[in-house]
Amino acid sequence: MNTKPPLYPLMFKPVYKNYIWGGNRIARRYGRSLPPGIYAESWEITDRAEGINVVVNGSLAGKDIHELTQTYGAELLGRALERFPLLVKLIDSKERLSVQVHPDEAAAKAVGGEAKAEMWYVLDADPGAEVFVGFQPGVNESQFREALAAGRVGDLLKKVSVHQGDVIYIPGGCVHTIGAGGLILEVQQNSDTTYRVFDWNRVGSDGKPRELHIEQALKVIQWQGIPAARQPMPSVPVEVPPKGNLIVERLRTPYFRFEELAVPGMLACSLDTHSFHALFMEKGLVRIKSGSVLVDVTPGTTILMPDCLKKYEMANLDTTGASRLLRISLP
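In the working numbering, the protein residues as written are 6 to 336.
To be clear, the hints were calculated from the coordinates, so they are not data collected in a lab. Errors might be hidden in some of the hints.
Claimed, not checked - Taking lysine-lysine and the BS3-like style, the derived pairs with C-alpha atoms no more than 25 Å apart in a straight line are:
hint	residue 1	residue 2
1	99	18
2	68	18
3	9	294
4	315	68
5	224	164
6	248	294
7	224	114
8	288	22
9	315	294
10	315	9
11	163	224
12	294	22
13	248	316
14	294	316
15	99	163
16	9	288
17	248	288
18	294	68
19	68	22
20	18	294
21	288	316
22	164	99
23	68	316
24	68	9
25	315	248
26	288	99
27	22	114
I would like the entire structure built from these sequences, with the hints used as guidance.
Set out below in structure tokens:
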């Protein structure tokens, strides 16, 4: 009889992307040994043909997340889904990214592609770092086309200064980009449908301007009425026994939930909402215990807690203060 190995806390090999605007901040900040080069993005957990993550720990090492989803289904994800529903990535914006837009659910059904809403958590930001989210009030398609022809689309966008700890939500249909000098944790729907509308008049690595997708973008852009970008910090974090543990829900959307955890000692966690937990270690050092399995988690590490584990414990091993983690789940 063929029996499946039991699931446990899973760690994955990141998939790196060398887009022209990236740098080497991910490797420097988190002590990753990487060959010299540009590392614009690190895909931490996702199931996509152009970048699928493979398990690196335990008895399932060598299996990719698509195989695990097909084998374990709701045991892994908490729900019967065809694939892992999110893409969790790190972004190093040494230079500003292109201005782009993604379709929302309605637009994706109408014009094709995959819907994509996303959020950014600012892990680090240089002084003066900013993002661009949505258009200035009153901007319409005619003004946009004029700005595009003149190479000044950036003048029409709302600028938002960012600092460590900020959360920015980008719904589908919202024109946006990340400015230079940021290190971002991005959580998004599992989609790579991106319509580039402006690239700051620069050329790609081949010396030619990168492709734009103006007509596709015009079919999905929402010109006004985009919700406020920066998400306010809740005034009252939830304290979880034992005393000192704090959990703050920073964002809840129809597609994902995002929380900050501060763990000064021991924290017991439950998987009780029919969802996995994806944990990103922002600061400190914790030991995660699930059954008889122990995993030490260092800064810059992403770990997936399958739904079937139902509970786990985190013990802070940082002698200098509380460890801080970011937790992602389905709403």
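Okay, the hints, checked on the actual structure:
Distance restraint check for residue 99 and residue 18: the Cα-Cα separation of roughly 23 Å lies within the 25 Å cut-off, and the hinted pair is therefore satisfied. Our distance criterion of 25 Å between C-alpha atoms is met by residue 68 and residue 18, whose separation comes to about 11 Å. Between the alpha carbons of residue 9 and residue 294 the distance comes to roughly 21 Å, so the proposed pair stays at or under 25 Å and holds. At most 25 Å may separate the alpha-carbon atoms for a hinted pair to count; residue 315 and residue 68 meet this at roughly 22 Å.
For a cut-off of 25 Å, the pair hint linking residue 224 to residue 164 stands: about 23 Å separates their Cα positions. As the CA atoms of residue 248 and residue 294 are separated by approximately 20 Å, the hinted pair is consistent with the 25 Å bound. Of the pairs offered as hints, the one joining residue 224 and residue 114 holds, with about 12 Å between alpha carbons and a cut-off of 25 Å not exceeded. For the proposed pair residue 288 and residue 22, the alpha carbon gap of about 24 Å is at most 25 Å, so the pair holds.
Note on residue 315 and residue 294: the hinted pairing holds, with a Cα-Cα distance of about 12 Å set against a maximum of 25 Å. Distance restraint check for residue 315 and residue 9: the Cα-Cα separation of roughly 18 Å lies within the 25 Å cut-off, and the hinted pair is therefore satisfied. This hinted pair checks out: residue 163 and residue 224 have alpha carbons roughly 21 Å apart, not beyond 25 Å. Straight-line distance between C-alpha atoms of residue 294 and residue 22 comes to about 32 Å, which puts the hinted pair past the 25 Å bound.
Distance check on the hinted pair: residue 248 and residue 316 sit about 19 Å apart at the alpha-carbon level, within 25 Å; holds. The suggested pairing of residue 294 with residue 316 holds, with an alpha-carbon distance near 9 Å, which does not exceed 25 Å. The hinted pair formed by residue 99 and residue 163 meets the criterion: a straight-line CA distance of about 20 Å does not exceed 25 Å. Pair hint residue 9 plus residue 288 does not hold up; C-alpha atoms about 34 Å apart against a cutoff of 25 Å.
As the CA atoms of residue 248 and residue 288 are separated by approximately 20 Å, the hinted pair is consistent with the 25 Å bound. At roughly 22 Å between alpha-carbon atoms, residue 294 and residue 68 fall within 25 Å of each other, so this suggested pair holds. Taking the CA atoms of residue 68 and residue 22, the gap is about 21 Å. The hint holds against a cut of 25 Å. Distance check on the hinted pair: residue 18 and residue 294 sit about 21 Å apart at the alpha-carbon level, within 25 Å; holds.
Annotation: proposed proximity of residue 288 to residue 316 holds, straight-line Cα distance about 22 Å (limit 25 Å). Of the supplied pair hints, the one linking residue 164 and residue 99 holds, its CA atoms being roughly 18 Å apart against a limit of 25 Å. With a C-alpha separation of about 23 Å, the suggested pairing of residue 68 with residue 316 holds against the 25 Å cut-off. Under the criterion of a C-alpha separation no larger than 25 Å, the hint pairing residue 68 with residue 9 is consistent with the structure, at around 13 Å.
Pair hint residue 315 plus residue 248 holds up; C-alpha atoms about 23 Å apart against a cutoff of 25 Å. Restraint check: the Cα-Cα separation between residue 288 and residue 99 comes to about 22 Å, which is no more than 25 Å; the hinted pair holds. In summary, the hint linking residue 22 to residue 114 is not supported, as the alpha carbons are separated by about 28 Å, beyond the 25 Å threshold.
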